[in-house]
Every structure is written in structure tokens, then in C-alpha cells.
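J.: The residues making up each chain are set out below.
8 protein chains.
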Amino acid sequence: MQLHEILQQVQAGNLEISQAEQLLKNLPYEDLDFAKLDHHRKVRSGFGEVIYCAGKSTEHLISIYQAFADKNTCVMGTRACPEQAQAVQAVLPQVKYDPVSRILRLGERENQPLGNVAVCTAGTSDIAVAEEAAQTAEFLGAQVQRIYDVGVAGIHRLFARLEDIQKANCIIAAAGMEGALAGVIAGLVDKPVIALPTSVGYGASFHGVSALLTMLNSCAEGIAVVNIDNGFGAGYLAAQINRLIENGNAMQ
Amino acid sequence: MQLHEILQQVQAGNLEISQAEQLLKNLPYEDLDFAKLDHHRKVRSGFGEVIYCAGKSTEHLISIYQAFADKNTCVMGTRACPEQAQAVQAVLPQVKYDPVSRILRLGERENQPLGNVAVCTAGTSDIAVAEEAAQTAEFLGAQVQRIYDVGVAGIHRLFARLEDIQKANCIIAAAGMEGALAGVIAGLVDKPVIALPTSVGYGASFHGVSALLTMLNSCAEGIAVVNIDNGFGAGYLAAQINRLIENGNAMQ
Amino acid sequence: MQLHEILQQVQAGNLEISQAEQLLKNLPYEDLDFAKLDHHRKVRSGFGEVIYCAGKSTEHLISIYQAFADKNTCVMGTRACPEQAQAVQAVLPQVKYDPVSRILRLGERENQPLGNVAVCTAGTSDIAVAEEAAQTAEFLGAQVQRIYDVGVAGIHRLFARLEDIQKANCIIAAAGMEGALAGVIAGLVDKPVIALPTSVGYGASFHGVSALLTMLNSCAEGIAVVNIDNGFGAGYLAAQINRLIENGNAMQ
Amino acid sequence: MQLHEILQQVQAGNLEISQAEQLLKNLPYEDLDFAKLDHHRKVRSGFGEVIYCAGKSTEHLISIYQAFADKNTCVMGTRACPEQAQAVQAVLPQVKYDPVSRILRLGERENQPLGNVAVCTAGTSDIAVAEEAAQTAEFLGAQVQRIYDVGVAGIHRLFARLEDIQKANCIIAAAGMEGALAGVIAGLVDKPVIALPTSVGYGASFHGVSALLTMLNSCAEGIAVVNIDNGFGAGYLAAQINRLIENGNAMQ
Amino acid sequence: MQLHEILQQVQAGNLEISQAEQLLKNLPYEDLDFAKLDHHRKVRSGFGEVIYCAGKSTEHLISIYQAFADKNTCVMGTRACPEQAQAVQAVLPQVKYDPVSRILRLGERENQPLGNVAVCTAGTSDIAVAEEAAQTAEFLGAQVQRIYDVGVAGIHRLFARLEDIQKANCIIAAAGMEGALAGVIAGLVDKPVIALPTSVGYGASFHGVSALLTMLNSCAEGIAVVNIDNGFGAGYLAAQINRLIENGNAMQ
Amino acid sequence: MQLHEILQQVQAGNLEISQAEQLLKNLPYEDLDFAKLDHHRKVRSGFGEVIYCAGKSTEHLISIYQAFADKNTCVMGTRACPEQAQAVQAVLPQVKYDPVSRILRLGERENQPLGNVAVCTAGTSDIAVAEEAAQTAEFLGAQVQRIYDVGVAGIHRLFARLEDIQKANCIIAAAGMEGALAGVIAGLVDKPVIALPTSVGYGASFHGVSALLTMLNSCAEGIAVVNIDNGFGAGYLAAQINRLIENGNAMQ
Amino acid sequence: MQLHEILQQVQAGNLEISQAEQLLKNLPYEDLDFAKLDHHRKVRSGFGEVIYCAGKSTEHLISIYQAFADKNTCVMGTRACPEQAQAVQAVLPQVKYDPVSRILRLGERENQPLGNVAVCTAGTSDIAVAEEAAQTAEFLGAQVQRIYDVGVAGIHRLFARLEDIQKANCIIAAAGMEGALAGVIAGLVDKPVIALPTSVGYGASFHGVSALLTMLNSCAEGIAVVNIDNGFGAGYLAAQINRLIENGNAMQ
Amino acid sequence: MQLHEILQQVQAGNLEISQAEQLLKNLPYEDLDFAKLDHHRKVRSGFGEVIYCAGKSTEHLISIYQAFADKNTCVMGTRACPEQAQAVQAVLPQVKYDPVSRILRLGERENQPLGNVAVCTAGTSDIAVAEEAAQTAEFLGAQVQRIYDVGVAGIHRLFARLEDIQKANCIIAAAGMEGALAGVIAGLVDKPVIALPTSVGYGASFHGVSALLTMLNSCAEGIAVVNIDNGFGAGYLAAQINRLIENGNAMQ
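Chains as they are written, first to last, in this note's numbering: chain U, 1 to 252; chain P, 253 to 504; chain Z, 505 to 756; chain X, 757 to 1008; chain B, 1009 to 1260; chain C, 1261 to 1512; chain S, 1513 to 1764; chain D, 1765 to 2016.
Hint data in this document are derived by calculation from the structure and do not stem from the laboratory. Quick reminder that beta carbons are idealized off the backbone N, C-alpha and C, glycines included. Incorrect hints may appear among the rest.
Derived PhoX-like pairs: lysine-lysine, alpha-carbon spacing no greater than 25 angstroms straight-line [what the hints assert, rightly or not]:
1) 56(U) / 852(X)
2) 348(P) / 560(Z)
3) 56(U) / 96(U)
4) 1835(D) / 1860(D)
5) 812(X) / 1860(D)
6) 1860(D) / 1356(C)
Computed list of chain B residues with no C-beta within reach of chain C, every gap over 10 angstroms [claimed, not checked]:
7) 1021
8) 1065
9) 1067
10) 1074
11) 1076
12) 1079
13) 1098
14) 1105
15) 1108
16) 1119
17) 1146
18) 1168
19) 1169
20) 1256
Distance windows between CB atoms, simulated [claimed, not checked]:
21) 1423(C) / 1157(B): 22 to 30 angstroms
22) 167(U) / 1320(C): 26 to 34 angstroms
23) 319(P) / 1657(S): 25 to 33 angstroms
Could you put the whole structure together from the sequences, leaning on the hints where they help?
T.: This is the structure we're talking about:
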């Protein structure tokens, strides 16, 4: 019995209230609480769908993209390797693949991009991770400006772009090695800075741990950190903050 | 010579342009670039002043608070120990101290609190850190709702407060031990979640490292992490995001 | 409106089914799902109440124990320090405190202890943690046999007690330093072994990490590990398995 | 001389008691203590044989499987790579290989599967490890229900399957990344939860260390942890607990 | 029934052989295998008794020393704190305490010290640990030469004592901080070097981990490492090797 | 408007001083501060250009080298893999590649090499990293003496070359495994020692961490450490110190 | 026999050359090689003596200072605690103690301070470590300028002092927490930067490890790192480089 | 001038004593101290030569083996990969290669093997490392008994071989995973146990770190540890101790 049916039986007097109470407590959660709990709602509400491709079989991936293509829905896949991209594109030639960000995308967004998210990197090696962040934010509706190769070893490069950075609603700062960029930017702006450590480096960088620790220990205010190489997570959070600043919080 | 004087001399024809160029390049940064670079500006622009008390001598601390009292400016000190608080209060009885959050505050904010920041904790032991976050956000102008002791080991407690959490502009989720609260909340809301690991725990919690790693590895979207026990940092960032959502980004 | 009232209104025809559906979806979780979700139920169903004392103020602790005393319910507190014990005992002299296990207990269990849980330690220094495990299991209804100081550096001591160990429903093996005891026992019995690493040791024992890793890497079958010094967790799990073996799984 | 022979000689008066004592003390352990010490007994008593294939040469592996085939005994190999599987199957075509769990199995179990073990995963990437656990438990006689992809980032998926999980005798919770699934389940059931961290993830997941720490630090009761990716260990322990709950402890 | 009695009953025809077999398999290990398994034998065979004092209550410690005094046996306690020493000495004034090595000793050895063990330290701060090693080796019968403060930062100090070191049967090299002493000595002698890392240092010495790693990674031959600050373990092993070199292996 | 133009306008009376002040504060940093901030100046002032090749595409790399070839400037690339070298050499045959140091160099230095930098290694496996250091220092104008395979496991080899080492202005000491070479040298000379840990080793060398910690904890004076395998960084710093000692500090 | 005597005997024909060869090879190292190997020479040659006070008994320390006072030699002690200072000053009132740097100094340097060493800190909490560095460098003859509280969270403070920093022969950059100061300075100057990580911070700063890693991974050139809180090591190396730049390398 | 020549000149009166003193102090170390310092002497004195092959070019390796073949000296190479072995064997067919231990050996030892070294492993996967140890000890003259696959998960296997182990002069215990074998053996014998951790395992074995820590923390006496997978080091030390026990210490 579904919720609706239970209530009908109560209304019709065919079901004792105590029995109804018992049944209601055992109703599958998906029926009762779908609207409240479904986190996919977040993605769907103006954001489109996102798929984590790493480790998925090509067959599985093709069927997912095919399903979205049939529904005419745009979708973005992250961490797709070239082999996955080729396999999907063989079936769905309209799918686009960016080998730098490893994003595999179906469909174009039609709305005007919103607000202003700045994506900064310390070096050129951080660009792959930064592009995952930037393209994620763009897919989720944000206007993105890319400000690459402005690391603190040559800090004048950062200052040359400072005004652009200061105008953004939210800044993503991607850096490997010493990872100092995020803290320096946070000291120069009064907007949220999402620190994105990358695994770029060698030796005592420990595959991004050094940058991660630097960012967590930043003495500047207005900064928080995502996982090493988690461009998607940074891009998602930036797009979310950007949208809330532009649109306000409709939920209150 | 100050900037103003140099320009006067140029205007008066007493100074060659090439000489002026040379002088300008060597002007102390604080004169030339104060407005652009001073990060204290962030704090001052509607935010008030913040002082990190830990490790400061009581003499030093008293003179700082005295200076603010003389200027009639409200100021907040973080990580003040009871001895520091007593010493400052002996001179300035109007200063208020909260032994839980260890915040030492001078003066009351007059503006209406703004927006909606939810501060959640997994357990009662996380409250000290959470209060530092909550009171920081309040000091910086945010309306704060406290939702404590809603950890995932008894997840019904969290669900009982879910709607309140979903209404917030920004959520701080403080947890030690396993630290799963932040990711679970981020999966249930579509607002930025600031994950605040605490050093609560023992054994393999490694003074907050376990909670930190859990939060960094969250599979949910819309989440970023601050340093272990960094209530101030979480509160600052939350207040900043909250204010931007309420007021929009005036800078663009 | 509570669940019962909603159903009454539906029955009485005062409430549309669609309205009722809406109301039901928004009912506070604690009302709707208390029986299903409340993890405290586990403790209560024949187990009694358990309180984590560490970090709680003595005022708070006294009021908790007073409440249980008023309800005539037995309750067990873990990680109580002597000061907490003294404060509670000053008000409630019937409360008992064991300084070794740091357990603070109100009331006696009346039921016959059930089954057979063996609690083993490698050395005498592990006894404090083992006692927390043993007394927890006892409080939760298990018959416990203590087999202490049978570490692998003198393995004949272990063999002298092997038959007792083999008879148990479930074995807790507490060890610090090298932590090899748990794996050796698991190789000698065909019952579940709960490995309980302790922080006993110095140098490269890293406060229990060495024992923890040894136990996680055990080549024997039928073994799983709890957090360092988590005697309560080991005792709880052992009592739970012991009870299920004795009583079967009533829920199926 | 074997034990029996020694005693016969004593009985016949051909051997001094002191000589017999000396001989007994030097008897090989395998003769004297075989029944008591042989851990293989555990596997054999209704469980069948298990082989760890990783690192074994194909020649060695073929001869092992051939020996079991000759004795008409069923046997299960874990962590077999495809090359090993092909080599064994070339000689013994009746051997079955599952490339997901990497289990290489000879013979079918004839007994009715027993009880109820639930194997849950947080994501689809955890399935390979979970299948090793599930198929191990099945090989050792347990009835297994698979409940995959119910991670806490979309916690409604977990709730939809909660009643099934609550009915099990024992639950295996496999998760990588943040690893919060195990603790959340343990907070919702009153059965033993075996937490199985997987190496799924990137960056600060440190190949499963993050999930391992989360699980060790779980605030819920009734939970213990096995090594990262140790599906076999989790499956073995679950089958053992499941059998004891169904059959009781015959040994007491 | 003891082993002897069982055999008597068999001899007298009062006990079936099958019954005797059963009884023998269940004899307590300590009876059957005492001579073979008892590790205390090692200590006793010319070595005397050793007690680990850390964490033992003073009452417990006094009764242990009293028992040895009653039996007129010499005994050595390690890691005794001054309070423990005072308590024992109050009852047994003949007990001697060395606050540097923290060794608490009852009775004098009468045999001539044997062989030649060299105990070297890098600095003066390593002497406490080195003295535990030296006095342990002496207590166990070894002749010990102390060669302190010969660390590699002033390597001429080491060379000035090199010939003495080269004559030893076995060398203990204690060092904290960089810990290079052990490897340098092992490169200069052809005797076993027992590397003894100490927790002396600060910052990235990580309480002895740096020295431990240095020693484990030594490129020299003839070196092995004990736990950080484990003077007792180093002294025991050195005395054992020293005695075997002097006396040969009697057991073969 | 550029700085020059602003001042002209002020001089001409076309611009208010207050307006000029405002404009000056917003001038792009690159215009105002280029000479002061440009870190490339360091490289250019007698040093030549350096390129980090790792991770750069061959197309990108060819265009960089082509640009320098067009300007007739010598340039050095670090961490070039053989494929990158071949690709660049196919276009610019005059480019030289050293597969040991992985340095890809265009053009010859014409000035006389300056001063005296000693580059020492503990073993032959450290030579690749040491050569990166040595060739970097040479490219930057230093005279370099190579003193290889003088590790402390055979310390006489070091002493045989001690006088050469003592004459240098600055010493680079490269070592993996135990990493003791740097501290031993620093104890024997009164010149700056740059400790260069290498990832040579296995097991508990942890890819250079052991050597890194040894070097950081050296008890000798006059020593500092660079990142694991950072031959370029060590060579750069050594060349810089060497040049300052030879030429003095022109800047004061 | 001493070296001189041996040669006299050879000259006088009383000693065979082969005998002399044998004797020479066995001469104590201190006699033969004192001048070459004695690292104290470094300290003495214009530098004065340095004593590491931590862990030394007050009796021992008094006798050391008394000895220097008798010889009228100036001496500096590091890491002296207030109790040690009081004890020494009670006997030798002319000894001076600085509780910030914990340096205990006897006698004044008479020579003119040499050159220019800049000691920078990120925050005020780093000053204790920085003062140990600064006073060490001063004791060893260097002119020191202190530039404190110029961390990158408010980078304009650093730029205000940049020209002073650029003039130095050598820069010490002390920072805890994120530790980014050292790399930023190294990107702005062309002098050696000695990075000095401090244990200032909390949580994921791990007592200085975060700052240490940041500094080791700096992308800037001309930088090397000393141990956490090793102000003495940084000051020594800076004074050594400073002196070599001012005086040149007399040894070549 | 060589030492001999200097003394001749002194004897002949052609050289002042003061000049001779000066010359002697500057003599190259290799001339003066060769006999005393040369660590190769250790290897040569009855031991033969050992070469570390890993990372050496095949050309280099062939020339080394060719040189030994020309001198008719037997030599052992460790960590030779199959490619290196093939290349050397192509030139010198008499060279023997064992792909398990990766030892590449030229020539046969003629002396009778000496004493008794037991090499034990926990599992079959540890055999590769154990064979490196065993064959190293054999090459250096020791009689070796191999006792493989006696890990503590099935401890009866160990006891079946205990008497053989107890007879040895020295025992090597190789184990990965939990690594408990070494401590258990050390508790059962009174001979030196060299603990040899192997990198066998997965997950939280951390490539041998778990076994290493277990062994360092062993509560048994008479045990020390070598680096992970360092079969050569264990074999060398065992052979050295074995030889000293058999022959005594000739040097005293």
C-alpha cells in the first residue's frame, strides 16, 4: 500500500488509526520522503546532471549518456579518460570531450552565464585541475574568468590581475607544491576563497599533502579547502555560492 | 615626501616627471597602496576588529583593548584564556568573556543581525569550537541558529532539525571523531557547507585528523573544510558568504 | 498536529487526503520515526543506559545521574575521572566507581548474565582498557571471563588458558606495543575476535598505532578491530554478538 | 614413536615413566596438538578451503586446484588475477572465475545457505571489494543480500533499504572516500556491523586511510573494522557470526 | 591429574590408552611444556630476573621486590620513577636506584663480568637511554665500556675512541636527532652494531622517528635497530650476543 | 593612462591632485613595480634563463626553445624526459641533452666559471640528482668540483677528499637512504652546506623522507635542506652563495 | 709517544721506519688530526663558544660558565630555561638572560658587527624563534635587522619593508602555520633565504610540519630550510654566509 | 710524498721535524689510514665481495663481474633484475642467477659452511626476501636452515619446527602484514633474532610499515630489526654473529 491508498482507507473507515500509524511508520523512505531527501534535486534545480566517470565501464557509460540524449538533457561527466570519451563519442558524436579537464559533456547550456567566479592557478601544471573546476562552474551556470600562472614565486603576476580577482563573487585558488597562492589571495580580497590543492610537485609535496596543509593553515580569513585535485568539488561550491549571491536565498 | 606632496611639486613645476616617477616607485607601500592592500579593511568594513589572543602577554592585551575602548570601537578577541580575560576585565570591566568559546569581547553591535547561518555540531564536546564559530559570525553581523548534538550515530536527531538547516544561507558543521556530519548535511541541503573538524576524540582520531580527512573526502557536493578547531575561520567565512547573499556583491 | 491527530481528521473527513499527504511529509522526524530510528532503543532493549562522561561538567553529570536515580533506572558512565566520580557520589552515595576502568555505575543488573565473552590482555598495563570492555559487556548482560597477561612474548601463558578462550562466544583481545595477541588468538579459535589496540607502549608504538596496524593486518580469519583504547566499543560489540548467539536474531 | 605407541609401551611395561615423560615433551606439535591448534579446522568444519592466490605462480596454483579436484573438494581462491584464472581453467575447465571479485572457485556448495548477511556499499566503485566479501560469505554457507550504492551523500537511498538491513544477522558496510556509511548504518541497526574500508578515492583519501580512520572513530556502537580492501576478512567474519547466531555455539 | 600420574595409571592398567590420549591433549600447557616454552628460562639461566616497573602500583612493586629478597635472588627493574624507588627503598633499604637509567636493583652479581660490550652515544642527552642499556647488559653479565658523546657532528671524537670500539664483541650506538652515529660506526667495525634511537631532539626529529629511520636506512652492514628509547632491549640483545661469542652456543 | 602620462597631466594642470592620487592607486602593478618585483631579473642578471620541462607539451617546449634560439640567448631546461629532448633536438640540433641530469641546454656560457662549489654524493645512485645540481650551478656561472660516492658507510673515502671539500665556497651534499653525509660534512667544514636528500632507497626510506629528516635534524652547524630530489634548487642556491662570496653584495 | 717524539726518535735513528709507520697509524686521532678535524675550531675562529643548555643540570651548567668566566671568554647558551638562568646568574651575576630567545650570554663582543642579515617573521608568535636566530647571528658577529610581523595574510606589510630586505646579504624567514613567507620573500630578492619553520599554530599545522613542508616545496629559487624552531641553526648559517660574503673565502 | 718517504727523509736528516709534522697532517687519508678505515676489509676477510646491482647499467655491471672473474674472486650481487642477469651471463656464462632472491653470483665458496643460521618466514610470499637473506648468509660462510611458512595465524606450524629453530646461533624472522612472527620466536628462543619486515601485504600494511612497527614494538627480548625487505642486511648481520659465535672474537 502506498501513502495515498492508506489515507483513502482511513477516510473510508476501512483502516483503524492505530493500524494506519503502524503502516505509515514502515512505508519505504523513498515514497515518503523523496522530495525532502533527494540530493539529486540540487543538481536538477537549474544545474543539470553530473556523472563521475572514473572506473565506470564503457558500456555502462554509453548507456548513461544515451539515456540523457534520449531525454534531451544536458549532462557533464568528470574524470573521463580518453578511451571512455572515444567510446561514448563513437555512439553519440555530439558529445564533446576536453582532454585537459577530462570533462565529457552532452548538450549546451542555454541560459546566460551568471555572476563572476575567478579561477586562479599558481602554475601552468595546475591548469588541468583548474579547468575541471572552471568547466564545472560554467556547466552549473556561472560566468568564469580564468587567471592562470600567478603563483607567489613571482608575486607581481598576481598583483597585475588583482582587480579582476577582487571583483569576483567567489575565487577558486588552485596550487600544488607550496600551495601559498590561496592564502595570499584571501589576504587581498574580501570574498570567499575556495582553496584547491593539486598533486603537482615532487618529493616532500607528497602528492598534494603539502599544498593541502598550507591551505588549511592559512592565516588569512575567508578561506576553506577541498580535497586534493578535487576540481569538481571546488567548481560546484563556487557555482553554488555565486548563484546564491546573484539570486539570493529563495528558500528562506 | 608623501604622495600628495610629490604631486604638488609636479604640479608646481618643481619636480621633473622622471624624478617623480623614480620617487613614486620607491614610496613605502603602506602609503601608496594602503587602500588596495590592507586586509584589515575587510574586517573594518562593517565587521569590527578581531584579535588573536593566544600567546599574547596580558600587558600587551590590555593595551590593545584599552586602545579600542578609547576609540569607542567594538572588538573581539579569540582564544583568550581565563587569565587573560581576568587581567583585561580588571582594567576594563565592560569587557565580556565567554569561557566556552574563549571569546573576549568589548562593545555591543548595534546593527540588526543579518541573514541566517546554521551552526551544527555532532556532539556536545564539539560545542566549544562551534561557539567560537557562532559568536564570530554573530560579531561579524550574522544571524546565527545553533543546532547542536545532531551527529550521525543517531541520525534521527539531525532529521528533526533538517528544515531549519535547509533554510540557512550557509551551514557550519562541526564534528570530531569520525566527522561524518558535514558530508551528510551537504547531501541534504543545497547551500554551502563549511566543514569544521574538531580535535574531539581519542586514539585513531589523531587530534582531529580523522575528522579532517573524512570531511575532505566527502562525496557530497557544496562543501569545503577549514583547519581543525578553527572556529574563527569557519565563522568568518560563513558571515562573509551570508552577507554577500543578503547584500549582493557591491564591488562588481 | 501529531500523526494520530492527522489520521483522526482524515477519518472524520475534516482533512483532504492531499493535505494530509503534505502534512505527513513535513512531520518532525522524531514523531514519525522514533521507533525506527532511535539508536537509544538499542541500549534500552535489555541493555540499560550508557553515558560518555569525559568532558562533561560535574553539574551536568550530577543532573544526569539524578534523573536516572529518580526513574530508578540503572546507568553506566564511561571515562569518568575521579573528580567526576567524587562529585556524583557526594550527591548519590549509591553510585559505584571503579578507578581502573573509570566506569561510574548506578544500580545493579538483576538478570542472570548471559553466554560467555572472554576478555584477554597481552600485559598487565592493558588491564585498564580491558576492564572498560569487560564491565561494559557485563553491564549489557554478558557473562565475562577475564584472561589477563597472556601476551605472545611468553606464549605458554596463552596456551594454558586456551580451552577457556575457545569456549567463549566472542573474544576481546586487548594489546598495546606489538599487538600480536589478537591475531594469534584468532588463529587458535573459530569464534569472532574483537581486536582492541591499547595505547600502552613507547617510542614507535605511537600511542597505539603500532598495535592497531598489527591487528588490521592480521593474517588470521575471524577478526575485526576497534579504535585504540576503545574498551567500551569492544565490550558493546561483544555483548551484542554474545546475546545474538544466545538468543538468536528475533528480528527476522 | 607416536603418542599411541608410547602409551602402549608404558602399558606393556616396556617403557619407564620418566622416559615416557621425556618422549612426550619432545613429540612433534602437529601430532600432539593437532586437534587443538590446527586453524585449518575452522575452515574445514563446514566451511571448505580458501586459497590466497596473489603472488602464487600459475604452476603452483594449478597443482593446488588439481589436488582439490582429485579429492572432489570445493575450494575458493581470492585475489586471483585473470592470467591465473585462465591458466587454471585451461587445465580444469570446471573452475569458475569472477573478474569483479577476483574469486576463483572449484565446486558448488550443496547445503542450503544459512541466515542473513547484508553487504552494503557506499558507491558503485566499492562493489569489487564488496563482492569479495559477499562471495566469501556465500562460499562459507551464508545467505547474502547485496545492498549497493547507498552512500551517505544521498542518504534517502540508504533509508529505502533500511528494513532489509535491519533484518540481517550481521552487516558488512564497504565504503571508500569519507567512509561514513558504516557508522551511519551502525547507528540505525542493533546488529554487528563489520566496517570494510576500500581504497576507492583520490587525494587525501590516501588509498583508503581516510575511510579506515572514519570507521575506527565511529561514534555508533556495535561496529568493528577490517583492513582496507579486505573483503575476504569481512566476509569470513560475517559468515562466522551469522553461523553462530543461526546454530548457537556448539562448543560450550 | 599431572603427566606423571597419568602415565602411572596407564602403567598400572587403570587407564585406557584412548582415555590417556584424551587427557594428555588437554593437560595445561604449563605442566606439559614448561621447560620448552617458558621464556623466563632465558632470563633465569645465568641472567637474573628483570621487571618492567612503569605503570605498576607501588604496593605491587614492593611485594615483587620483597618476594625476591625473601628468595635471596637478585633482580633488576627498568623504568622505575623516583616515587617507586623511594617506596621500595623504604621497605628494602638494600635496593639501589639510579635516577639516570631509572634502574632499581636488588642484590649484587657475583660472577666475573664477561666479554666486551661497547655502549656509545652521540651526545650527552642520550646518556639516560644508554645507561639503561649499559646497566642492563652489566646486570646480565657483560663487561661494558661506555664511550659517550662521540656524535658525527665532531667525528674526530669518535675516531679517538675507535680502537676501543673495534675490540668489542658487540656495539650499542645510541643517538637521537639525526641518528647517524650507528651507521658510521657500523662502517668502521666488523662486529654487530645494535642501533638504539633516542627521543632526544625537537621539531622534525618527531620524538625519535628521524633517528629510527636513519638507522633503519643505514648503508653499512652488520646493523639492526631496536625501538626508540629501548635501552633495555638493546642491552639485553648485546649481552646475549656477547655471552654467545664468549661461551659459544651450548645448545647445538 | 600610464604613470608618465598621469604626471604630465598633473604638470600641465589638467588633472587634479586628488584625481591623480586616485589614478595612481589603481595603476596596474606591472607598470608601476615591474623593475622591483620581477623575479626573472634574478635569473637574467648574469644567470641566463631556466625552464621547468616536466609536464610541458613538446609543442610548447619547442616554441620556447625556438624563441630563445631566435634571440640567441642561452637557456637551460630541467627535468626534460628523453622524448622531450628528441622533439626539441629534431628542430634545434644545437640543443644538448644529458640523460643523467635530464637537463636540456641551448647555448654555451662564455664567461669564466667563478669560485668553487663542491657537489658530493653518498653513493652512485645519487649522481642523477647531483648532476642536476652541478650542471645548474655551472649554467649559473659557478666552477663545480664533483666528489661522488663518499658516503659514511665507508667514511675513509670522504676523508680522502676532505681538503678539496674544505676549499669550496659552498658544498652540496646529496644522499638518499640514511642521508648522514650532509651532517658529517657540515661537521668537518666551516662553509655553508646545502643538504640535498634524494629518493634513492627502499622500505623505510619512504622515497627520501628518511634522508630529509636526517638532514633536518643534523647536529652540525652551517647546514640547510632543500626538497627531495631538488637538484635544481640546491644548484641555484649554491651558485647564488658562491657568486656573492666571490663578488660581494653589490646591492648594499 | 706523541707525534713529535716519534719523529725525533726516527731522526735520532732509534726507531725503525717500519716501526714508526706502525706507531703513526695508531696514534690517537685527536693528536694527529686535531687541527683538521676539530669542528670547535669553526666556532672559535672569531665566533666564540656556543652551549646547548636544554637538559643540562644546573651544576653542570654553572661549572661550564664558570670555566669560561675564568678564561675571560665570551660564551652563548641556547634553550636555557629561566631556572637554569637564575642558577647561573646567582653565581655569575654578569651573565645576561633573554627570556624570549632563551639565550644565556656571558661577555660582550668587542668587534664591529659585520654585514647585514635580515631576520623576518610572519607573525608576532614567531618572534621567540626569530630572536634565537637573530641573537645567534649577532653573537657570531653579524649585523642584524629585525623585520617582524610581515606575514603574507597582509602582504602590504611585507612590501613596506622590501627594500630593507633586499639589501641584506642573507635573509632568515621565520613562519609557522602556513609558512608561506619564506617562499614569497625568496621570489622577491636575489639573496639566500634561510627558511625557518616554527611550531606556531594548531590543528593541521602539526607543530610546524605544515610550515616545514610549505618551505621545502617553495617554487622560488635561492631558498633552503632548517629544522622546526631551529633558530640557532638558521642564525649560525646566516652569520656564516654573511661573513663569507663580507670577507671572502680565505681558505682557497 | 708517501709516509714511507717522509720518514726516510727524517731519518736521513733531510727534513725538519716540524716540516714532517706538517706533511703528515696533510697526507691523504687513504694512504695513512687505509687499514684502519677500509670497510671493504670486513667483506674481504673471509667473506668475499658483495655488489648492489639495482640501478647499475649493464655495461657497468659486466665490467665489475669481468674484473672479479679475471682475479678469480667469487662475488655476489644483490637486487639484480633478470635483464641484468642475462647481460652478465651472456659474457660470463659461469655466473649463476636466482630469480627468486635476485642474487647474481660468480664462483663457489670452497670452505665448509659454518655454524647454524635459521631463516624463518611467516608466509610463502615472504620467501623472496628470505632467500636474499639466506643466500647472503651462505655466501658469507654460514650454514643456513630454511624454515618457511610458519606464521602465527597457524601457530602449530611454528611449534612443529621449534627445536630446529632453538638450535640455531642466530635466527632471521621474515614477515609482512602483521609481522608478529619475529616477536613470537624471540619469546621462544634465547638466541638473537633479526626481525626482517617484508613489504608483503595490502591496505594498512603500508608496504611493510605495519610489520616494521610490530617488530620494533615486540615485547620479547633479544630482537632487533632491519629495514623493510632488507634481506641482504639481515643475512649479513646473521652471518657475522654466527661466525663470531663459532670462532670467537679474534680481535680482542
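J.: Are the hints correct? Go through all of them and say.
T.: Checked hints:
The suggested pairing of residue 56(U) with residue 852(X) holds, with an alpha-carbon distance near 24 angstroms, which does not exceed 25 angstroms. With a CA separation close to 24 angstroms, the supplied pair residue 348(P) and residue 560(Z) stays within the 25 angstroms bound. At most 25 angstroms may separate the alpha-carbon atoms for a hinted pair to count; residue 56(U) and residue 96(U) meet this at roughly 18 angstroms. For the hint pairing residue 1835(D) with residue 1860(D), the CA-to-CA distance comes to about 18 angstroms; that is within 25 angstroms, so the pair holds.
The suggested pairing of residue 812(X) with residue 1860(D) holds, with an alpha-carbon distance near 24 angstroms, which does not exceed 25 angstroms. With a C-alpha separation of about 40 angstroms, the suggested pair residue 1860(D) and residue 1356(C) falls outside the 25 angstroms cut-off, and the hint is violated. Residue-level check passed: residue 1021(B) sits 62 angstroms from the nearest beta carbon of chain C, beyond 10 angstroms. The beta carbon of residue 1065(B) is kept farther than 10 angstroms from every beta carbon of chain C, the shortest such distance being approximately 37 angstroms.
No beta-carbon of chain C is positioned within 10 angstroms of the beta-carbon of residue 1067(B); the least distance is around 42 angstroms. Look at residue 1074(B): its CB is around 44 angstroms from the nearest CB on chain C, clear of 10 angstroms, so calling it non-interface holds up. At roughly 40 angstroms from the closest C-beta of chain C, the C-beta of residue 1076(B) stays outside 10 angstroms, upholding its exclusion from the interface. Once the 10 angstroms rule is applied to beta carbons, residue 1079(B) is consistent with being away from chain C; the minimum gap is 44 angstroms.
Non-interface status of residue 1098(B) relative to chain C is upheld: no Cβ of that chain comes within 10 angstroms, the nearest being about 41 angstroms off. For residue 1105(B), the requirement that its beta carbon stay farther than 10 angstroms from each beta carbon of chain C is met, with the minimum near 31 angstroms. Separation of residue 1108(B) from chain C is adequate, the least Cβ-Cβ distance of about 21 angstroms exceeding the 10 angstroms criterion. Against the 10 angstroms criterion, residue 1119(B) stays outside the reach of chain C, whose nearest CB is about 37 angstroms from its own CB.
Separation of residue 1146(B) from chain C is adequate, the least Cβ-Cβ distance of about 28 angstroms exceeding the 10 angstroms criterion. The Cβ of residue 1168(B) sits about 14 angstroms from the closest Cβ of chain C, beyond the 10 angstroms cut-off, so the non-interface label holds. At roughly 15 angstroms from the closest C-beta of chain C, the C-beta of residue 1169(B) stays outside 10 angstroms, upholding its exclusion from the interface. Here residue 1256(B) stays apart from chain C, with its beta-carbon at least about 30 angstroms from theirs, past the 10 angstroms limit.
Between residue 1423(C) and residue 1157(B) the beta carbon distance is about 27 angstroms. The supplied range of 22 to 30 angstroms therefore holds. For the pair residue 167(U) and residue 1320(C), the beta carbons lie near 30 angstroms from each other, so the given range of 26 to 34 angstroms is met. The given range of 25 to 33 angstroms is respected by residue 319(P) and residue 1657(S), whose C-beta atoms sit roughly 27 angstroms from each other.
Figure legend: structure checked against the earlier numbered hints; the only hint not met is number 6.
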